[in-house]
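Read off the chains here:
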Amino acid sequence: MSDREKYWRANLKLMLGLLTIWFLVSFGCGILFADFLNQFRFFGFKLGFWFSQQGSIFVFVALIFVYAWQMNRLDKRYGVDEEEQP
Amino acid sequence: MSAQFLTYLFVGLSFGLYIAIAVWSRSGSTDEFYVAGGHVNPVANGAATAADWMSAASFLSMAGIIAFEGADGARYLMGWTGGYVLLALLLAPYLRKFARFTVPDFVGDRYYSQTARLVAVVCVIFISFTYVAGQMRGVGVVFSRFLEVDINTGVVIGMGIVFFYAVLGGMKGITYTQVAQFCVLIFAYLVPAILISIALTNNPLPMFGLGSTVAGENVYLLDKLDGMTTELGMTAFTDGSKSTIDIFFITAALMAGTAGLPHVIVRFFTVPRVRDARISAGYALVFIALLYTTAPAVAAFARINIIQHIDGMVYADAPEWFRKWEDSGLIAWLDKDNDGTVRYRGGAAMSPATPQFTAERGDNGQRLLSNAPTANDNELYIDRDIIVLAHPEIAGLPDWVIALVAAGGLAAALSTAAGLLLVISTAVSHDLMKRTFRPDITERQELLYARIAAAVAIGVAGLFGIYPPGFVAQVVAFAFGLAAASFFPVILLGIFSTRMNKEAAITGMLTGLIFTFGYIVWFKFVSPETNNADHWWFGISPEGIGTLGMLFNFAVSFVVMKLTPPPPAHIRQLVENIRIPRAME
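First to last, the protein sequences are chains W and S.
The opening position of the first sequence corresponds to residue 1 in our numbering, with each subsequent residue numbered one higher.
The opening position of the second sequence corresponds to residue 1001 in our numbering, with each subsequent residue numbered one higher.
So that you can see chain W by itself, here it is in the shape it has in the complex:
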């Protein structure tokens, strides 16, 4: 397998992993299992309600930063990182 393919595979793996979390948190905890999670408390929130109104948004932000950070590492490892700006 060429470096190009390895780089692309690693990218896809990272992406799919993060998108799985994205789906589980929003559509899972926030919608499909929200009623079930509402029996638990998180501070003054019912847990399912918290995921759907705030929690998922915090996770979304974290996912993008993890992606950007991991991709920069991947770029460096495969020597495809961009030059610093002049």
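Hints are computed from structural coordinates only; laboratory data are not their basis.
Every value quoted in this text rests on a predicted model; they were computed, and no experiment measured them.
We put the beta carbon where it would ideally sit given N, CA and C, even for glycine.
Check the hints yourself; a few may be wrong.
Stated by the list, open to error - Some chain W residues judged to face chain S by a derived CB distance under 7 Å, without partners named: (1) W8; (2) M15; (3) S26; (4) F45; (5) K46; (6) Q53; (7) Q54; (8) S56; (9) I57; (10) I64; (11) N72; (12) D75.
Here the structure of chain W is known, so what remains is to put chain S in place on it, guided by the hints.
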């Protein structure tokens, strides 16, 4: 100083700032006009994207919707933020590497087809005009309520400001104005939210105040609100009344639609490098999350304040804001039991549900209605769009906060309008003229066309604001549904499949478009009386149907792709290239 003077002052200062920025950052080339020369710092681009994205709907309407729908409001909160994850992971970095000016550029080049480009241009223009009409109306409403000028005058002033910095500055001017507008709008949103949060919960951070206990009581705020709402015969605040499948599909349509909206995508063409595009989406979402995690708190606080201040109020003692909004027709009171006291309960107070005022006044001075009373005890109608504007007054905050909110609402509406108008003008001057009909024009001519197109687009948008087509509210579903069903799959497959060809792209896009368009038109216009869960396919409302359209688009694309020849070698090469930030040796 009166509230009105302060409002003039704040709005005037913010407008002066936008104009100063526009003069300082004029565009001299098409490169600057379309993508700000590709030199925008990723943090600045994040702030600009946030202002571009958060429209009058986010600033003025969203908290009001959540205040009255409670848990169901989650579809907007998650739908309008989750799309950024898709954008950052699936689209933005690759489109930045592709390095052109517009979404139709990508569709036309990647699918080596002028037909595909034209379909994309038509979608871009339709989606953007749908969206911009609502913004100009929002500008007019804020002006008329707070500056007591005619709505039409307000729209014209708004057009003038946008004209100045969009036509002069292009993307460069818009970007830096949007950064300023973001600061204005987030400050204006957070200040009243913080003050109200302190008053209700002693917690200065509204997003956490929502999960705190009520000041002076040993009960959580949300539990108290649930108790109040159920006691009054309403759905408990933390319960929803929409079906799970509908919420699922609407949320998905809003997410994919967000990722496919041209005015958002184009912002990622303005940063210098691929890695900047990735992180810039993260900054954008941080800035957006500031407002979006505050919105549910504002909603819950507003609901509590409304119940506490209005239910049981003697109309003769009603505060000034109540009568003002009643005069604008956005609050109505139907005294069913003739006791002169306002009762706020569950269910619609009147039939039809929106008030039809007669010219007369009742014994208490209230505006009389020709609506029939309903059988329930509720006597009050409140338009949910006024919540953000009226809440500071309801909570008794000082005048300068109210003035600030007006400036914030205008910043939100103007920044989104400018971004959309730029996309429209670029679609005309670049995609239609330069890339399709008049490829031989010089850069100067193209820039001139871009400016003329922007000016014309502003004029048309203003007309929409002054003569709002009655269907504006109903067609917003179009923008997201169509973006989800057309652009999102076509761009995604264009990046992640080297086998994807023009036949599949065109048939897929058309399938998604025609299906989604047809479904919405059927339920909104042809047969609105059947627009309910009994008639919807699988219980999916028109707002959520874009998700199904998107799935059809994917399905058709896969089938057609298998049956038709693969794309030419240079297209495969193009796809390989956009997948890596810098060429490998």
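Structure-based check of each hint:
{"no.": "1", "hint": "W8", "verdict": "holds, 6 Å"}
{"no.": "2", "hint": "M15", "verdict": "holds, 5 Å"}
{"no.": "3", "hint": "S26", "verdict": "holds, 5 Å"}
{"no.": "4", "hint": "F45", "verdict": "holds, 5 Å"}
{"no.": "5", "hint": "K46", "verdict": "holds, 5 Å"}
{"no.": "6", "hint": "Q53", "verdict": "holds, 4 Å"}
{"no.": "7", "hint": "Q54", "verdict": "holds, 5 Å"}
{"no.": "8", "hint": "S56", "verdict": "holds, 5 Å"}
{"no.": "9", "hint": "I57", "verdict": "holds, 5 Å"}
{"no.": "10", "hint": "I64", "verdict": "holds, 4 Å"}
{"no.": "11", "hint": "N72", "verdict": "holds, 6 Å"}
{"no.": "12", "hint": "D75", "verdict": "holds, 6 Å"}
Taken one by one, the earlier hints all hold for this structure without exception.
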